[in-house]
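There are 2 protein chains.
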Amino acid sequence: MKYGIVAFPSKKVQDFANSYRKRYDPHYSLITPHMTIKGVFEADEKEIKTVAEQVAQVVKNHKPFTLKTSKVSSFAPVTNAIYFKVEPTNELLALHQDLNAIEFSDEANYTFVPHITIAQKMNSSEHDDIYPQLKMIGAEFEEEIDRLHLLYQLEDGSWTVYETFRLSGAE
Amino acid sequence: MKYGIVAFPSKKVQDFANSYRKRYDPHYSLITPHMTIKGVFEADEKEIKTVAEQVAQVVKNHKPFTLKTSKVSSFAPVTNAIYFKVEPTNELLALHQDLNAIEFSDEANYTFVPHITIAQKMNSSEHDDIYPQLKMIGAEFEEEIDRLHLLYQLEDGSWTVYETFRLSGAE
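For the record, the sequence lines run as chains L and Z. Start counting the first sequence at 4; every next residue gets the next number (the numbering used here). Start counting the second sequence at 4; every next residue gets the next number (the numbering used here).
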């Protein structure tokens, strides 16, 4: 089964992201707006219990962090995905690192660029058309994230939450 | 903001339910297959913290329960919704009662009929057409549910998980 770990931003940010995703993101109906912290990995139902226990240990060492977005950016030309760029604070990078140190990681060498996707799977002309518009509108948010969610994927591609974890590390 | 408390069945049951929901349930893309345990209620962001604390207390007094579905049933003529009927065990009814005793309940007098919806918002002729087919195929599942999920609704109608709660009551 496929799993991943994400943070969901506040309803306000999710609603704003969805106003774009509804039109520009074919994954719109599969998952609500999110920032991936540990990318998709495969595990069976027994393995995931071990992973969940390890995640529970990791979050004990991390306190709530600030999710700050400052602008709209794009992964083009690597892939035509547009996103709210999330500031890669030391807290967030450390959290990512600790979660990826848990077994069943996706490609460990992939650079972590924290983001909330708002548009993807477009062809280049679509991308080049809407990117300047979205960039101009921008995305300035700042809020506290105090929990992570371990999700799994159903056969139709949609994601269900398996468990939430509070970032309960001491100040 | 709108909140609710549900249990998600296993991936197997969700995949099976989705094979129908994809065609017959307009809420298909808003939430994955679930059994509602505390129906929709309104709360603001401060109130929900209190509710979450109370839910955390309730789950301490309840152990994991068996979710057993035996057949496909329908709420018609009250409403044209078809569902997997979930056996209303004493454990489940007690859990429902304790969760509904928390403030911000929906109509307390509404009878609790545990179910997993697979089709809804049909007109009567559609309903009468597909109901016998689904009924014949049936839905026999039995599994353990060890956690609940507190969800909130976004402006577009989709649901995000706020927090999961383990049913950690002693045997």
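Hint data in this document are derived by calculation from the structure and do not stem from the laboratory. Please note: incorrect hints may appear among the correct ones.
To be verified - A short, non-exhaustive set of chain Z residues, derived as facing chain L with CB atoms under 7 angstroms:
1. Asp-18
2. Val-62
3. Phe-78
4. Thr-82
5. Glu-146
6. Glu-166
Cβ coordinates follow ideal geometry from the N, Cα and C atoms, glycine included.
_Hints violated by the structure (numbers, ascending)_ = 2, 3, 4, 5
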